[in-house]
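This is what each chain is made of:
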Amino acid sequence: MVTLRCQLGWAKGMPGSLTETDIGPSVVSPLDRVTPPSCKRQMMGPLSFITMNWGACPGHTMVLQPSERHNRDWSHGRLGPWCSPTGSPAPLSCETGCGEGSWILVCRLLVPTQVSLLSMEEDIDTRKINNSFLRDHSYATEADIISTVEFNHTGELLATGDKGGRVVIFQREQESKNQVHRRGEYNVYSTFQSHEPEFDYLKSLEIEEKINKIRWLPQQNAAYFLLSTNDKTVKLWKVSERDKRPEGYNLKDEEGRLRDPATITTLRVPVLRPMDLMVEATPRRVFANAHTYHINSISVNSDYETYMSADDLRINLWNFEITNQSFNIVDIKPANMEELTEVITAAEFHPHHCNTFVYSSSKGTIRLCDMRASALCDRHTKFFEEPEDPSNRSFFSEIISSISDVKFSHSGRYIMTRDYLTVKVWDLNMENRPIETYQVHDYLRSKLCSLYENDCIFDKFECVWNGSDSVIMTGSYNNFFRMFDRNTKRDVTLEASRENSKPRAILKPRKVCVGGKRRKDEISVDSLDFSKKILHTAWHPSENIIAVAATNNLYIFQDKVN
Amino acid sequence: MPFQDGPAGAPRSGALEGSEGRMFARGLKRKSSEDAEDADGGVAGLPAAPSYTLQRQSLLDMSLVKLQLCHMLVEPNLCRSVLIANTVRQIQEEMTQDGTWRVVAPQAAGRAPLDRLVSTEILCRSGREQEGEGDCPLPDPAPGQAPRRPQSSPWGLDGSREGRGGFQKSLDHIFETLENKTPGSVEELFSDVDSSYYDLDAVLTGMVGGAPTGPGLPAFAPTAAAPPSSTCRSDLGELEHTVEILVET
Numbered sequence: 001m002v003t004l005r006c007q008l009g010w011a012k013g014m015p016g017s018l019t020e021t022d023i024g025p026s027v028v029s030p031l032d033r034v035t036p037p038s039c040k041r042q043m044m045g046p047l048s049f050i051t052m053n054w055g056a057c058p059g060h061t062m063v064l065q066p067s068e069r070h071n072r073d074w075s076h077g078r079l080g081p082w083c084s085p086t087g088s089p090a091p092l093s094c095e096t097g098c099g100e101g102s103w104i105l106v107c108r109l110l111v112p113t114q115v116s117l118l119s120m121e122e123d124i125d126t127r128k129i130n131n132s133f134l135r136d137h138s139y140a141t142e143a144d145i146i147s148t149v150e151f152n153h154t155g156e157l158l159a160t161g162d163k164g165g166r167v168v169i170f171q172r173e174q175e176s177k178n179q180v181h182r183r184g185e186y187n188v189y190s191t192f193q194s195h196e197p198e199f200d201y202l203k204s205l206e207i208e209e210k211i212n213k214i215r216w217l218p219q220q221n222a223a224y225f226l227l228s229t230n231d232k233t234v235k236l237w238k239v240s241e242r243d244k245r246p247e248g249y250n251l252k253d254e255e256g257r258l259r260d261p262a263t264i265t266t267l268r269v270p271v272l273r274p275m276d277l278m279v280e281a282t283p284r285r286v287f288a289n290a291h292t293y294h295i296n297s298i299s300v301n302s303d304y305e306t307y308m309s310a311d312d313l314r315i316n317l318w319n320f321e322i323t324n325q326s327f328n329i330v331d332i333k334p335a336n337m338e339e340l341t342e343v344i345t346a347a348e349f350h351p352h353h354c355n356t357f358v359y360s361s362s363k364g365t366i367r368l369c370d371m372r373a374s375a376l377c378d379r380h381t382k383f384f385e386e387p388e389d390p391s392n393r394s395f396f397s398e399i400i401s402s403i404s405d406v407k408f409s410h411s412g413r414y415i416m417t418r419d420y421l422t423v424k425v426w427d428l429n430m431e432n433r434p435i436e437t438y439q440v441h442d443y444l445r446s447k448l449c450s451l452y453e454n455d456c457i458f459d460k461f462e463c464v465w466n467g468s469d470s471v472i473m474t475g476s477y478n479n480f481f482r483m484f485d486r487n488t489k490r491d492v493t494l495e496a497s498r499e500n501s502k503p504r505a506i507l508k509p510r511k512v513c514v515g516g517k518r519r520k521d522e523i524s525v526d527s528l529d530f531s532k533k534i535l536h537t538a539w540h541p542s543e544n545i546i547a548v549a550a551t552n553n554l555y556i557f558q559d560k561v562n
Numbered sequence: 001m002p003f004q005d006g007p008a009g010a011p012r013s014g015a016l017e018g019s020e021g022r023m024f025a026r027g028l029k030r031k032s033s034e035d036a037e038d039a040d041g042g043v044a045g046l047p048a049a050p051s052y053t054l055q056r057q058s059l060l061d062m063s064l065v066k067l068q069l070c071h072m073l074v075e076p077n078l079c080r081s082v083l084i085a086n087t088v089r090q091i092q093e094e095m096t097q098d099g100t101w102r103v104v105a106p107q108a109a110g111r112a113p114l115d116r117l118v119s120t121e122i123l124c125r126s127g128r129e130q131e132g133e134g135d136c137p138l139p140d141p142a143p144g145q146a147p148r149r150p151q152s153s154p155w156g157l158d159g160s161r162e163g164r165g166g167f168q169k170s171l172d173h174i175f176e177t178l179e180n181k182t183p184g185s186v187e188e189l190f191s192d193v194d195s196s197y198y199d200l201d202a203v204l205t206g207m208v209g210g211a212p213t214g215p216g217l218p219a220f221a222p223t224a225a226a227p228p229s230s231t232c233r234s235d236l237g238e239l240e241h242t243v244e245i246l247v248e249t
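Residue numbers (full-length UniProt numbering), protein chains in the order written: chain X, 1 to 562; chain C, 1 to 249.
To be clear, the hints were calculated from the coordinates, so they are not data collected in a lab.
Just so it is clear, CB atoms sit at the ideal spot from N, CA and C, and this is done for glycine as well.
Take these hints with a grain of salt, some might be off.
[As the list claims (entries may be wrong)] Using C-beta positions, here's what the derived DEER-type ranges look like: (1) C:Gly99 x X:Arg519: 47 to 55 Å; (2) C:Gln97 x X:Asp485: 40 to 48 Å; (3) C:Glu93 x X:Asn392: 54 to 62 Å; (4) X:Phe383 x C:Gly99: 33 to 41 Å; (5) X:Arg518 x C:Gly99: 51 to 59 Å; (6) C:Gln97 x X:Tyr443: 48 to 56 Å; (7) X:Glu173 x C:Glu93: 53 to 61 Å; (8) C:Glu93 x X:His410: 36 to 44 Å; (9) X:Ala288 x C:Gly99: 49 to 57 Å; (10) C:Gln97 x X:Asp442: 28 to 36 Å; (11) C:Gln97 x X:Ala505: 56 to 64 Å.
One chain only, chain C, in its complex shape (with noise of 0.2 Å):
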């Protein structure tokens, strides 16, 4: 492996080893890398290959994971927040242009996927960073915000394409909720809770989607499956359940 991490070196945010098993094997992602490369000539790179497809969509949903990783440490080191989202929006931007950027019909419920030219569900948020939005997310939606995704679990879709379907809410969001780091309220902590978040083994190994729990993974991990990259905030019914759960009402 060249790539190696040493006691000091690299935080080990890439091992993606596969989600559902949809992503490249190491090795085949280098391939494909030095394929991309060559082939990222223009700026709205020929689409029809489709390993260079394949390859972007990779690279969506890496940085996208990265994006949601950050913030699980001490404190997100915004220059590299806004790289990663910049490399985001520029996929995405592309993506638009070629029209690989398709949205599922029922989630799309008015609104035209188009009008926002970033549109990831990524709130990227720890349990304290989520009032971005001002109020706790079990009240219905602000307006400009998107409408709740229904109770199927985005993996549901299209295991590492789930990046394009489902994601309606602004990339931008982060940025506010890396602004406004006060403590939320009771379900803010929890909201996002899931037996993954504190196995990040689990989640660099993309074990989230419904995989079996270990000794220490909590009962209702099935109903809080949800990958890192798409929040419980799209998902209220079942975060109210969560609270309920939680504080033992």
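Only chain X is shown next, with the shape it has when bound in the complex (with noise of 0.2 Å):
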């Protein structure tokens, strides 16, 4: 996000007739409240806002629609341009209510004179190395929330994706044999821009751009291809490296100019050369415009040839190679929109048969679906979910009962679910009940009102396996993650902050005190921080290295070796 100057004025008059004569003389820094000059009757409330989106052109008027744009938090409102870049105002409809007479907002951007352009030129140069991964800002900023991990499928790779639509790829370090004490650490490998900020002009909603997933495709050469996500659209990346170019070119010069080819009188061949190593990122493929909803989760088949991305009433399954049209699978919306009670909250393909899949949904149930069955999966073969426990019923069972993650073991044997306040292993062949229940943080159970009313218990917490399916691993609020292990049925829980663990240093164990004496180094429910909430883990697929996203922090630990 860059913050740019911008001249405000209100303009009467049809948005497609308006010129920059039309403009009002208001003209505001933008941490002003803008209202309108001398309008009895004001019909737009006060605007204010810090940062806009870089993308927008500078030096051209747009028509803004206030209001809706910006956010409760004034720090971070944004305001998306309606213009098209050409700079001529898009052709607002009368249902935007801009009439004859009425006042509308208008903006017009300056040419910014001072803006961290490199910043802008980071986001936009692929081949930039960006070597700071803790990211070290004074001051927090909402793009770098990272919202997604992964490994690769041989752990050399590392993705994050954030909320500003950015991917993130660590590499981890050969293992030289002189220091083998030192194993391989993670460095920056690329940085990309994935997904843009959009604004959908049909419903009149911007569309995020957050990744939500990423997910790798396994190598098949020597370049590295993921997926990533948005709400709306998939984009297949590769990521390649380069370390030669040619040179000596007859048709053009070193800058690259055409030559005019009577000026050519000799003929050369030309060479490669080694270079500096650059990796680049390109989107190979985009996958948009099959989703009404916001998808929530993407999987990569094993046939390595198709893939499913789902939202909250469908899942879609495409073939890598084919953008253009894509099947449903599962489609849970009703006929009726009034008779919604439960949406789909994740879903993924079974590791090694490629026709089964499993999806989760907000009433805590799982289905595994068989695509030999029929073209379209609404009828499960398995149905996945434990009884309700009637001692323990309250208004927020259902809520806590919402499956934010599910996830098949290595084996293909297992299901893991996260709810909000455990974690549910299950046997695939067992549907009445899990075979194993973990409690991730039971002391939230008795806070649930609070936790409703400030949103957390929406909080959709991931989960994930170890290479050998012995440990589970999932998030909770201060910075804790918890661990378990499935064989000795002991617990950990570890705290990813950067005042609590040095580089090299043991993490130590945490424990939450839940009433009575609190020992020194507990930390008491009433204390813990729940804006500090670790929702996104990842396990390495053979080592024991996890990396943990807490807000915009990314933590990798591994296994002391001694």
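Each chain sits in its own coordinate frame; assemble them with the hints.
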């Protein structure tokens, strides 16, 4: 996000007829609140903003739709441009209320005199490697909040996506024989802007650029491929290295300009010369316009030819090669939306059986479907649900039973689900109850009303298996994350925070005290910081290396080697 | 304050400090909630203890406000809306079974409240999401919808109890509006314009009910003083008036 100065004004008339002379004289700095000049009947409330989408075109006139555009948090209010990139105001229909004689807010961006161009360039220059991944900003920008973390199939690469639509890929250092004690560390390998904020003109709603999920494809050649998705669009990115470049073209000179063929007297063969390693990310496919609702999951099929994307009410099956078609395989949208009581919350393909997948719902159920049974898998093959415990019933029972994540074990024999207070492991052969239930933070059970009030009860935590399916991990509040050993039944709570851990220091187990006397190292429930939540974690596929995303910081922890 | 809001934390949608001072202070609510959690044993909880009823009512009100607020943000989170709506339904089911779901007679006009299990008037929309019903709201409501409520503001009833009193509309309309997000008519955009809409702080602190307007608030605040949990849709006479003003006819 870049701060731009604007000239704001109020103009009268139909949007299509606006010219610059119509712009009223009120010029304000972005921090001020803007009200229409001398307007007795104020129809637009006060507005203020600090940042604007840097994708807008400076110097152009834009017609803005106020009110809906701003967030409650004024410091991050964003206004989306309504004009086309050429600068002419987009045709606002009369539905937006801009009739003749009405006031509409007009904004003209001034060419920025001092803009943090560095950050702009970083965003658009895919070749630049960002060397800091513990983002050490003096202010926490919302765009830096990490929204997904995923190791690739070998564990060599780790990808993160953030709220600003950026993807950062880390690569593990090759272990050198000289420094055996220094296990391979992760360094930034590539950074690119995967998704941009968009505006859905039909619905008059902004489409966030936040990366909801990243999934890697198994490596089949020298390049790496990953899928990244925001609420509406899935993209296939190719990340490749280049360490040679051709030199000595005949028709182009060194700067790439075309030469006049008449001036060429000799011919030469271009040669490849080594160059500094460059990592490029290019979008190879864009899978768009297939989802009415927000995409919450993507999952690559074990056939490596297809993948699925799931939104709140539908699941679509795609072929990687075909972007203009997708098959709808699950549709739980009721004919009458008034009857909607359940949504899809997560979905995943079976790791080995390419015809099988599961999806979880907001009512705490999991359905396993077989695509061979029918084209539209509305009828499940298996239905997993645990009967409700009547002694624990409250008005919040349904909300806390809503499953936020579902993951197959690597073996394919089990599925793990995360709801608000627990993690459950299910055997695929037993549908009536889970085989294991782990309490993540049961001390919150008595606080549900407050957590409902501040919306924390809707937080969607993810869960992960380790490589051997013996340990499961999930996040909690106060930057805590929990691990459960399925064999020994032991569990541990750890904290991901800068204050409490120096590099190479061993993480100290933490404990939350629920009442009574608080021991020295314990933290009481009332002192927990609910703004520090760990929603996204990842586990290396074969080693004990974990990646934990704490708001806008990424922590990578490894087993200590003796 | 144990549940803090950090820069990246949960939105402060829960900062309900009192509509007309009837909602509980945070500390008191926590105590009540712990009582209620204990009392929440059976499905048809005994309404005998007034704190339980009060708690249930405040939960209902909180949920209704949440449903309204969720449409003020960038795009509503469907999962969250569904969960909150289900919670509201659950409360209303229970209140109907208890017999505590009373409907004020004048508004009942031919509609038995028990016909529809869900009967809230939240339409939970921003300006452009109104057209679940197709036409703009100025004409008579389509069959199956509630009759209009009279001019008096719902807050004229029992403050925080208004959730129970005047709600006739189906909660389900929320999802219709979620689905049909096409731009509505001119009236649509401004039909729910009121001062509080743009000043969310006012909404959250419950200053909406006829509170004195600040410097930035419009002059017609009193007429559009309906709180977010009961929309202007119920007040179509006012709506026309408002629209007239806005388009300067």
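Hints, verified against the model:
{"no.": "1", "hint": "C:Gly99 x X:Arg519: 47 to 55 Å", "result": "50 Å, holds"}
{"no.": "2", "hint": "C:Gln97 x X:Asp485: 40 to 48 Å", "result": "45 Å, holds"}
{"no.": "3", "hint": "C:Glu93 x X:Asn392: 54 to 62 Å", "result": "19 Å, violated"}
{"no.": "4", "hint": "X:Phe383 x C:Gly99: 33 to 41 Å", "result": "36 Å, holds"}
{"no.": "5", "hint": "X:Arg518 x C:Gly99: 51 to 59 Å", "result": "45 Å, violated"}
{"no.": "6", "hint": "C:Gln97 x X:Tyr443: 48 to 56 Å", "result": "32 Å, violated"}
{"no.": "7", "hint": "X:Glu173 x C:Glu93: 53 to 61 Å", "result": "59 Å, holds"}
{"no.": "8", "hint": "C:Glu93 x X:His410: 36 to 44 Å", "result": "43 Å, holds"}
{"no.": "9", "hint": "X:Ala288 x C:Gly99: 49 to 57 Å", "result": "52 Å, holds"}
{"no.": "10", "hint": "C:Gln97 x X:Asp442: 28 to 36 Å", "result": "30 Å, holds"}
{"no.": "11", "hint": "C:Gln97 x X:Ala505: 56 to 64 Å", "result": "57 Å, holds"}
Consistency note: the structure conflicts with the earlier hints numbered 3, 5, 6.
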